[in-house]
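Trainee: Those protein sequence lines, which keep their order, are chains C and S. Position 18 of the first sequence, counting from 1, maps to 18 under my numbering, and the rest follow consecutively. Position 76 of the second sequence, counting from 1, maps to 76 under my numbering, and the rest follow consecutively.
In short, the hints are calculated from the structure, not lab data. Note that beta-carbon positions come from the ideal geometry of N, C-alpha and C, so glycine has one too. Be aware that a few hints might be false.
[Said to hold, decoys possible] Some chain S residues near chain C, calculated using beta-carbon distances under 10 Å:
| # | residue |
| --- | --- |
| 1 | 16 |
| 2 | 65 |
| 3 | 69 |
| 4 | 86 |
| 5 | 88 |
| 6 | 94 |
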Amino acid sequence: MDITKLTIKEARTLLDTKQISAVELTTIYIGRIKNLDNKIDAYLSVSEDSALEQAKVAQGLIDNGKSTMLCGIPLSIKDNICIEGTKTTCASKMLEDFVAPYTATSVNKLHADNAVILGKTNLDEFAMGGSTENSAFKQTKNPFDLTRVPGGSSGGSAASVAASLALGSLGSDTGGSVRQPASFCGVVGMKPTYGLVSRYGLVAFASSFDQIGPIAKTVEDCAILLDSICGHDPRDGTSLKYKSDSSYASSVSGNIKGFKIGLPREYLSEGLNSEVRASLYKSIDTLEKLGAKVEEFSMPSLKHAIPAYYLISSAEASSNLSRFDGVKYGYRADNCKSYQELIGRSRGEGFGREVKRRILLGTYALASGYYDAYYNKALKLRTLISEGFEEAFTKYDVVLHPTTPETAFKLGQNTDDPLTMYLADIYTVAVNIAGLPSISLPCGYDLNGLPIGLSFTGKPLGEREIFRAAATFEADFADKFRFPAI
Amino acid sequence: MTNSDSNDYIKYIAGLAKLSLNDNEMQSLAEDMQVIIGLMDTIKDIDTDGINATEHISRVTNNLREDKPGNPFDTEKILSNSKHSIDNCFVIPKMIE
């Protein structure tokens, strides 16, 4: 067994045929974390004892023939998703000592399927960023090149999967935070339709965008994880009462003969790196060879997706993060003489620079005199973008696009350049603006050997179509797929 | 907006956001905001007359649970994350003289 190539599906077979026990499998992953995570820094905390305990329980179920798809499968969880009794820091000094008093619904569902939770992974502070460099605690490295970023904000989750420090992971995606790090780390990341997965227990960044999503080595593994975590939750007012007719894992079989795929012309502008562009066009050739019809279409509103996203999400963040006042939980400044000083200094000292930028931008966009020009205008652009996608899906089964304009960049390269960081989100944010499902998977490698990501975006609740398109492409790409050498 | 106007306005916004910033941080964040707001200004001239605002893309409304009592969180557990509490209450600096 080569652990670096092992998938959830393959591990399931090994466990069910008794070629390995759940405890042995978990022990292997814990050993890898101990030996290798000092290079990658994917984890903020590791729960060795509880993981081994969960593995023992899982093995009992397997022995009794009561195994489920995730029974005994070792996973990691982004550290902005609550697990009762464990630290949930959001990679922020503000929540450095916060111990979650309850467990997120998505994690409870993994518990119900007897998955093994290895630990919590690093992220950009409060999920704000695209490189995981905004973490207050450590810098996660890209397993393909330790001098480069893993992407973000779910960089720890993506790196943990790419480096085989977990078989799968849960991240959160507000503007691309599952798909972009998956693309940079050469793994598969999926953002479900808004409302398909409960947000209960996910620390809120921008509530009308946030969605928990799976990261894994294959499309099928992502579908298996989504099957576990999806479903209505009465504790999330935006949770959909929807159940797919059959499992998402079953949608990866089949083919894409006759599939109509749209490629937005606005995503082919000059900002697209030439190697990423070449890989995109090669992928289009593959899809056409597999029987799909790919054609360009125009959606002019996409040009405004970046400012619309940053205005609305920052406005929501400025409101959501107002709960951090140094009183109920979180960092509390010392020796404050007044309530106002306590709030101001706790927030000023507890939040990092990017979080402060977003709070300032959001407060600015909502301020009297600016509300109509910025926030309300952005909400109208949200309508135009949503309508643009609606129209596209009258013609196409799925929409195809690059995940990122560039491959993983060097650590520190863009740290002092927020504008460059924001503009790099160009291909991912529109999906969140419209609440659509989208999946990123590897489609090539640049001359430095860095992974390039390809995205399929679907109509609302069109998960099955994007899984099918992605899995069909993945099967054709299998002999070119690379694993990082660490 | 001039640099000096920008600094004053960011100071005002930081006050609204309850963020205490030292002078150096205020200055450098004001510079960042000048650039970021420049990007946001690109939407100002787009004609959106007659377009409805979409505040939320949620496809559900009034998604309410049945109104029956449940188990509340344990008080001790909730207070355990506060840096300062006494007698089941959060403690803050004195507000009234």
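Trainee: Flag every earlier hint the structure violates by its number, smallest first.
Mentor: Per hint list: 3, 4, 5 violated.
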